[in-house]
Amino acid sequence: MKTNNTQIPSSVTDLLMDECVRRRALEKAVRTRFLSCGYREVSPAGLEFYDTYSSGVGARSQEEMVKTFDSRGRILVLRPEFTTPIARLAATKLRDEALPLRLCYVGTAYANPALKSARQLAEFTQAGVELLGCEGARADAEVVALALTSMRAAGLTDYMVEIGQVDFFKGLMEEAGLDEATTELVRAYVEEKNMLAIELLLRGNGAAEAAIARIRELPMLFGGAEVFARAEKLSAYPKCREALQNLRAIYDALCACGFENFVTIDLGMVHAIGYYTGMIFRGISASFGQPLLSGGRYDGLMRDFGRPLCAVGFAMGLEHVQEALERQAGPAAAPGLDALLVVGDAPLSRAWQRAEALRAQGQSVELCYAADEAEIAALARARRARRVIREEEAL
Amino acid sequence: MTQITIAMAKGRLAEQSMELMEALGIDVSPLKEKSRKLVFESGDGRFRYIMVKPSDVPTYVDHGVADVGIVGKDTLMEENRPLYEMLDLGFGKCRICVCGYAEQEPLKKAHIRVATKYTGIAAQVFATRGSSMEIIKLNGSVELGPVIGLSDVILDIVESGATLRANGLSVIEEICTCSARLVVNRVSLKTKEAAIRPFIEGMRGEVERRKERGV
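Line by line, the protein sequences give chains A and B. Just so you know, our numbering puts 174 at position 174 of the first sequence, and the rest follows in order with no gaps. Quick note: to get our numbering, add 1000 to the position in the second sequence (first position is 1).
Some hints here could point you the wrong way.
[Stated by the list, open to error] So, partial list: chain B residues that the calculated Cβ filter (under 7 Å) puts toward chain A:
#1 1052
#2 1053
#3 1085
[Claimed, not checked] One side only, chain A facing chain B, incomplete, derived with CB under 7 Å:
#4 162
#5 192
#6 193
#7 194
#8 196
#9 264
#10 286
#11 289
#12 376
It is worth saying that the hints were derived from the structure and are not from the lab. Even for Gly, the Cβ is constructed at its ideal location relative to N, Cα and C.
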């Protein structure tokens, strides 16, 4: 029988030494940023009941979740993300914590990669924050600002955030009187900026010319502050106007905080409109072809767990960030060893004490039992050791 | 200056796209030289071109190694990747159809065998229908399927329908019409907006001028 004992499944990776050092440094940089902003870290369970994800606004399709069973035959999933577990925590174990709750996480999540999707991994690291129990444009802007500074802390230089507002789209659909099924079709076309398909669909549907003209413009409503003026002309429907006022307030707040050159607007960003209830955003970098982080306001999720609470947050994909960093500057060399300590004929106790003295000063010291000079030299090179110490020299 | 990388589907679509771009004053001359090179650059450095298999165009654009792609709608439907599909270029028109021996009413069978190279589209089309189906992947001469008894129907693109007629087959159902599309990577559109937006608008203008002239 052919076995796979030397292989690993597709879409997962082994992180080897240098890469692992860079990953941990990245995790540390992002975590430090989160903690410094008052977000407290939690590490929710890695296995959850399937039921947690099978219904409500945060429901995920069963195909994308990695599943197993417990001893009683109940379906379990490897956590596909962190927001839902944190919502569960906020509704249960954290019920008595003072609001607002500022929580963050850095950890591994799992998914069955879609058959055709660029770089979706089966096992991936997410770092993110959730701000629960805080409403308003200032809270939204704070979370976007944290996303921007987290990208900066990660070491990215060419990053930006695009912000949108799902209520602008929802308002346009209501104003045009479109039913749910048509709205979903239009949403998919808006998301792919396919103006022709929008026009054909709505015309075939007998929608009013004025509505077609309005909705057709939606995909192109992206860019800088000038987008607001263009969008205001498009619709006077109250829901649309409120959405624009909200987004404008967030945008102005971010500009006033000094992020003007890092924020762009896209009202045609309408992914997951059943989940998000207000502002949505994505973090992008010119060094990588996919979004590096995404988030937004999701005031509906907590209701599914029995504790209605407004919420806003984002999650960053660290594998993608790391790849963007490497494209930006090439893989940074991991720090080498401070010292290779050649033990020679000495007893371990002596070498150990010597090494510990150096380690106490913050140096990394590896013991070397080789006797052959060529072998010692080769090892020192391979470890990029800054110096080679011989135990006998100490005497 | 920001350079835009364009992935083009080798063959007729690329030739027609080059003509369109030439009309806009974009230098595509390096593409016309006989060469085994895979990457070409316009004289002014504004554009970089890569010539790839049609089904690979969405892959390059999705990964962001190409900012823009020019490819048929049929390929986009089959690959089904999250891209911005911003412009219908109007050429390369064809229809995606289910074909077979119409008189045998193959679509009324409880279990339908479909021969196609578009397995993704076939799965989407038949998934919502009552009958169960079996997809048989073929890479060419799909029409042989019903003729030789391999499948009940085929799902394929139809241009003139001459091959179908020559083999006694006919169109049973038209799924949709297709043509060449200009697709854009989701990140590039934002990070290279100043370069990409005028390019798309230029292409849009040229396509509309041609439509008016009836070319």
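Here is how each hint holds up against the structure:
1. Given the 7 Å rule on beta carbons, the hint for residue 1052 (chain B) is violated: about 15 Å separates it from the nearest Cβ of chain A.
2. Taking 7 Å as the C-beta cut-off, the interface hint given for residue 1053 (chain B) is violated, the closest approach to chain A being about 15 Å.
3. Hint status for residue 1085 (chain B) relative to chain A: holds, with the closest Cβ pair at about 4 Å, below 7 Å.
4. About 6 Å separates the beta-carbon of residue 162 (chain A) from the nearest beta-carbon of chain B, less than 7 Å, and the hint is met.
5. Given the 7 Å rule on beta carbons, the hint for residue 192 (chain A) holds: about 5 Å separates it from the nearest Cβ of chain B.
6. Checking residue 193 (chain A) against chain B: minimum C-beta separation of about 4 Å stays under 7 Å; hint holds.
7. For residue 194 (chain A), the interface hint holds, the least distance from its beta-carbon to any beta-carbon of chain B being 4 Å, beneath 7 Å.
8. For residue 196 (chain A), the interface hint holds, since its Cβ comes within 7 Å of a Cβ in chain B; the closest pair sits about 5 Å apart.
9. For residue 264 (chain A), the interface hint holds, the least distance from its beta-carbon to any beta-carbon of chain B being 6 Å, beneath 7 Å.
10. At its closest, the beta carbon of residue 286 (chain A) sits 4 Å from a beta carbon of chain B; the interface hint therefore holds under the 7 Å criterion.
11. Annotation: interface hint on residue 289 (chain A) holds; nearest CB of chain B at approximately 1 Å, less than 7 Å.
12. Annotation: residue 376 (chain A) was flagged as interfacial toward chain B, and the flag is violated, the nearest CB pair being 44 Å apart, outside 7 Å.
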